[in-house]
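*Asks:* Residues per chain, in single letters:
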Amino acid sequence: MEMLKVENLNVYYGNIHALKDMSLTVNEGEIVSLIGANGAGKSTLMLSIMHQIPAKTGKVLFQGKDCLTQKTFDIVKEGMTLVPEGRHVFPRTSVQDNLLLGAYYRRDKSEVKKDLNRIYEMFPRLQERRRQLAGTLSGGEQQMLATARALMSRPKMLLLDEPSMGLAPIIVDQIFDTIVRINKEGTTILLVEQNANQALRIADRGYVLETGEKTMEDAADKLLANDQIREAYLGA
Amino acid sequence: MSEVLLSTQNLSKSFGGIMANKDINFHINRGEIVAIIGPNGSGKTTFYNLLTGITRCSGGTITFEGKNITGKKPQEITKLGISRTFQNIRLFGTLSVAQNIEIARHCRTSSTMWDALWHTKKYGTEKEENAEAVERCMEYVGIADKKDWKATNLPYGMQRKLEIARALATDPKLILLDEPAAGMNPKEKEELMDIIRKLSSDGYSVILIEHAMRVVMNIADRISVFNYGEKIADGLPTEIRENPVVIQAYLGKGASADGNA
Amino acid sequence: MAVFLQQVVNGLAQGGIYALIAIGWTTVFGIVGVMNWTHGEVYMLGAYVGFFLTTYSGMGMVPALLLSMGAGAIIAVLIDQFGYVPLRKRGTLARSGFITALGLSTFLRYSANAAFSADPRVYPALMEYHPITLFSIGGTAVTINSLHLIILIGTFIIMVVLQLFFTRTIIGKAMLAGSQDMKTLALMGADSEKLIKITFAISGALGAAAGFFMGMLYTIYPTMGALAGLKGWACAILGGIGSISGSLVGGVLIGIAEALTSGFVSTGYKDAISFVIMILVLLIKPTGLMGYKFEEKV
Amino acid sequence: GAAGSSQSGSGSSSGSGSSGTAATVSEIHVGNVNPLSGDSALYGNDQSRGFGMAIEEINAAGGVNGAKIVLDDYDDQGDAQKAAQGAQKFADDDSYYAIIGSSLSNCTLAMTPITDDAGIVEMVVSSSSPSLHGCSDYFFRMAVQDDQVGPQMAKALIDKGYKSVTVLYPSNDYGNNLDKNLEEYAKSNGLTVLDSIAYNASDQDFTAICTTVKNEAPEAVALCGTVQDSSLLINQLKAAGVDAFLMGGTSLYNSKALEIAGSNMEGVGCISVYISSNPADKVQNFVSKYKEKYNETPDAFAALAYDEGYVFADACKKAMDDNGGKLTREGIMKALKETNYTGVTGTVTYDDSNEWIRDYLVLEVKDGEFQLAS
Amino acid sequence: MKKIHISLRKPQAGELKANRKVIAVCVVLAAMLFICFLDDFTPSGRVIPNYFKYVIVVSLIYSVASLGINFYSGYQGDTSLGHAVFFGTGAYVTAYLTTQFSGINFWASILIGMAFSAVLSLPVAWAGSRVKGSFMVVITYGYCEIFRYLAINSNTLGGTAGMAGIPSPKIFGVRITKIPWLPSNKDGFILILMAIVGFLALFTYRIVNSRVGYALAAVREDEIAAYAMGVNVKAYKRLAIITSAVITSVAGSFYAGFTNVADPSLFGATLSITIFTMLVIGGRRSISGAILGAFIVVICPELLRYVQDLIGLPFDPWYILYGLMLVIIMRFKPEGLLGTKES
Ligand SMILES: Nc1ncnc2c1ncn2[C@@H]1O[C@H](COP(=O)(O)OP(=O)(O)OP(=O)(O)O)[C@@H](O)[C@H]1O
Ligand SMILES: Nc1ncnc2c1ncn2[C@@H]1O[C@H](COP(=O)(O)OP(=O)(O)OP(=O)(O)O)[C@@H](O)[C@H]1O
Ligand SMILES: [Mg+2]
Ligand SMILES: [Mg+2]
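Chains as they are written, first to last, in the working numbering: chain A, 1 to 236; chain B, 237 to 497; chain C, 498 to 795; chain D, 796 to 1169; chain E, 1170 to 1512.
In isolation and in its complexed conformation, chain A is listed as follows (with noise of 0.2 Å):
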């Protein structure tokens, strides 16, 4: 079934043509990578599907309803969240305050304490912390609690933004990892990463922009095994 489906999307800043007739769809389940250069506007796409930014013309269906018609947090409802590029932590909040706040819509109380422990064994470091002012914390630390802090809202759809960023080799293993088994638990994953290599190798399909273009789709090893996709964002 078709979880999410992008049609004919085309997101201007200003004059700036940042996304052209952008199309894509994601399948209950799946992990779909979005791959491209610096600029290509992935981070574009990511923000107007959760209709952070409006698009100029086109439609973003989530399980059939049209996002663009509905605010944020109607999105975020309904079930699809997005860890943003750029960590977007709370700085003046507490760490558990941030995560606890990813859990803002949810009512089942005694669940989300639930799930809140289960982030910090997860993230061993978030729990150490959890009383800090989360401006406070490291870049990595931040970017972790990011990522933490939208797992805290059991997403049925997550978005991920470049979730490796600044973060330690092992911690990257460890955040693809989690990515690979809440995708396993049943929530479907669109994932942009710089570090296409692994993005790839977890995913199940695989898009390549250029430019505010999709340039490409295909299978994650169809595209690992391209070479001009090897040469120009997997480095030889």
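No lab work stands behind these hints, which were simulated from the structure alone. For clarity, every value in this text was computed on a predicted model and none was experimentally measured. Some hints here could point you the wrong way.
[Unchecked claim] Pairwise CB distance ranges (calculated): (1) A:69 to B:378: 43 to 51 Å; (2) B:378 to A:66: 37 to 45 Å; (3) C:789 to E:1189: 37 to 45 Å.
Beta carbons are placed, not taken as given, at the ideal position from N, Cα and C, and that holds for glycine.
Could you slot chains B, C, D and E with the ligands onto chain A? The hints should help.
*Replies:* Okay, now just chains B, C, D and E with the ligands, sitting in the frame of chain A:
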């Protein structure tokens, strides 16, 4: 040429109860590229903040070119010849690329309001020198064609390069780079590595914080490893790669780290 | 000694009103991040609404007070809607919010001046207020005006409730988080616009209540919001901006400082003293008395 | 201030200043520079109303030798620089023959150099600052004299047999002068001044002062402020349980005081230049008309300004008659110096410094009304 | 791979703009001189009313103040609602010295006023190194109000009425209001103030494009990065406020010399806000904007008085419109009328 350029003795910093840096003994020789790696929150950025005087240390000393520079103000340290980039990019956003770099010339110039008002000779020569330096630094990192762009409008990778150019414009002896490769794709990382190698061959000393192992392993002469605010290892890339403690705390299973992060 | 204590009590009484204004300031600033200079005007308009209700429809104190608070809430929400919402949409609130507020406040103040005329107005007597003896020292009674006492207790209760709301409930936490990053708050599934409207409504209602009480105690006039608004802001900052309990502490401290200055130095310097204290405290403890320190991480 | 006929100052006039080319005029414009908005608007409005009523009557009765007097407003908002700007505007325009205002001394101080320079008459009914004394040949003052009112208040208290007084005054020019003169008089006439306490004119909360006063327990309290602060003080003094005799200055004689202080006004005394209950026809006529128009009893400022209107009209008439029907600014100035007009506030005459010195009345509130003290 | 290029500014366009600026300056200059001297050549005497010239002088005085605050609230970037302190200091120093000491002339009093203002600006600089943003707004506001209360309560400074009778300045022994070859008593002021405004514009322009100006820009944009680039942030903050205070003080002195009075409102927050909004309306960091802002805020209310009379409004619409104007400018042109846009 193994003269020590900068060293720290038992450098420490605590935030409340957290020891962000603990008795760090570190040194870098002239012309060297030393990488600092370590888990998130191990105190690498804090270490930079101490070296550049942005944060005051709670203990220990910093020696630069044989002089004790502990407790000096950031602007004084820059003038002495240590310059840095920031993990969270801190450009002068609304200013142009060229202006960003010209500001960095501040510590190497001295004309006053009086000179500026009457356009004295000193003002003129300094303006010319600055223009040259700006040109040179932009070319160094390859952003000369973006001269008049506003800094915030640059793509991410370029912003990182501009930070390096700006650091370079202060005529430093030592450059501190904080995760310069973050958010760059493999191709851009290659370009970055070229720039850092060039810096080294031009006589600059470089300390590099980086999680991208391919970059670190390829260009560092030496690697220091931090964990929980302490320096837990120091050695050649080949040694560090095999070090079980480092693997356990930092590198993880994918230690071979081909094309990693 | 009795005189000294009486002056302290006088200050406490006036401080209650300052605190009421300050809480309105601090909630909006703490959550929406805009220095809502129009707060003084909401206070003034609240006072006028109360005046018209009590004078022309002969309403009693409690219903008139509640209606004024409702009006204040609506006015504050409208101010947000027409003043700040467009800026938030364009993302220029941080840069242009304060000057917009300054403009709106000027606009409202002088519109009120045109509509109501500059003549000071007087509330009809709404309640018997008489001095209540708190305690006596050496045969001299230290008293407080009954209305002042009501205001003081009311402010204290409001403070406690709001404090609990912001620190204990997820909605309160979300409001505080919104002050740091509205866009990301939406990603948590929170309707930030709604939270902001709630904030303005609370702030407006409190401001109007303060205005109403001022009307009961003194006279009201279109420019009354200027100094009172600023005093409220000073108290909020003194107490630590964003801290609800800080507002009460700040309000009471400035109230007492003013009373002591009037009583023992010179009334001429009363207002100056509150500014002097505020500036000194800020310089010694830049976060205010109860504010916490947040250092930007480099 | 809705006089539609005001011409813009530019280009409409030729010939400079007060040259003798003045023709017979059909309209005599008067500039009104006063605070009409802002915190001091109360005074400006009272003056505009009083003067306005006078010229309305004069115009209705055929004007000055057929010429109508027209009052044009310039709101100085209590700001000296704006007042000066207003003075300059009217002074430049030859159709203006006089300027009234401003109510506030600091504004008037900024205006007199300009009016003096332009040779245009400036008339005030307040602006009681002593530094304006004799500042210009063209400056005429019918104001309440600070150096008279203070002693009058003290004298009234002494006459009533009080021995001690605490003085409360706003820390502005007016308050300072009243206090100074009151204290001087009191000291040399056996009235003990226990304390004199200054406050900011814009203050509303006086509980601290009241506590001090209560503690000092004077027999009388002298209130040297304006209506608003004095009335609030009366309220708060009573609330604090001060039972001394309260004596106000001239500005307390205002219906606003009864409105603000209500029943607390009972038994409070004050000084005035006139009283609206004066049975004289002229006064009753003025008071009833004023009440009808503005729905309040005229205070001293309004009454003075009303007389000022007539004084001005008389001067215009005399100036015209003396100059073959032609009106000049200088002529008005000369005519004003010879003023002798009996109005609602007494008989107006100017001394060598263009000041009017006059008698005062002592009033007291009885049954919710100001009445002559027995 | 294609890249999106945004051409920010073509060089020719920049030059054109510079040329246009020069032309604009010349036009304004010519217009002013025309206003000053026109009456010398008209046979029938006064054509341009003194009132009009009065407004021009006041506008020029405020232009000086507005250029002054530009150094602080423009180039250094902190909001100040306290510049009346320096305006008032200039005015009161001139008032006090010229009325109490016959030996001190106006010009000397300007210099002394500048020195006083410089000293009084140091606490602001000190505060600025400890707190930021909205805290500075209230500190500066409170700071000037404190001085207003001091003036109100000070007998030496004349209390609420202030000081009157300040003599008009003299040049070479001739009163500036009585220069024989000028048609009116305002023209002397207009000429001198024009020269001062011109000099300040040049001064500002050159400083801003120099090492000092760049350092201020760095401080404004990012203090930490500025430190890291070797800029002594505190020193430059101090420099900005002192420069700003000293210039504003000159405006105050001229104000006193021109209107012949100084009263406590010159220390008041209302005046501070006026000076600040002049800059904001014209455009922070814009020299022409600062001057334009001053002219707008001084001239508009005067124009509105005519409108008010014409349509018979019973109240003064200026402040209502002024408030609206601020709101509208912030919404549609937040950088101010002549300011440059920050994307
Ligand atoms: N707020 C903005 N205003 C103007 N242009 C923007 C803005 N944000 C992004 N852009 C431009 O839109 C294009 C797409 O940007 P986007 O951030 O989506 O790229 P990306 O693929 O996520 O790149 P990266 O790998 O650097 O994260 C870029 O050319 C960028 O310069
Ligand atoms: N101002 C502060 N207050 C409290 N704790 C702080 C502060 N600054 C840093 N820390 C803590 O000090 C530790 C070291 O932080 P630092 O930024 O130096 O880490 P890092 O090694 O650079 O990590 P990363 O690789 O993620 O950038 C972190 O755990 C952080 O939470
Ligand atoms: Mg991106
Ligand atoms: Mg770091």
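*Asks:* Confirm or reject the claim that residue 69 of chain A and residue 378 of chain B have a C-beta distance inside 43 to 51 Å.
*Replies:* Holds, at about 44 Å.
*Asks:* Just to be sure I understand the hint, the distance between the Cβ atoms of residue 789 of chain C and residue 1189 of chain E should be within 37 to 45 Å; is that true here?
*Replies:* Since residue 789 of chain C and residue 1189 of chain E have Cβ atoms about 51 Å apart, the given range 37 to 45 Å is violated.
*Asks:* Mind checking the hinted window 37 to 45 Å against the Cβ distance between residue 378 of chain B and residue 66 of chain A?
*Replies:* Once the Cβ atoms are compared, 44 Å apart, the range 37 to 45 Å for residue 66 of chain A and residue 378 of chain B holds.
Figure legend: structure checked against the earlier numbered hints; the only hint not met is number 3.
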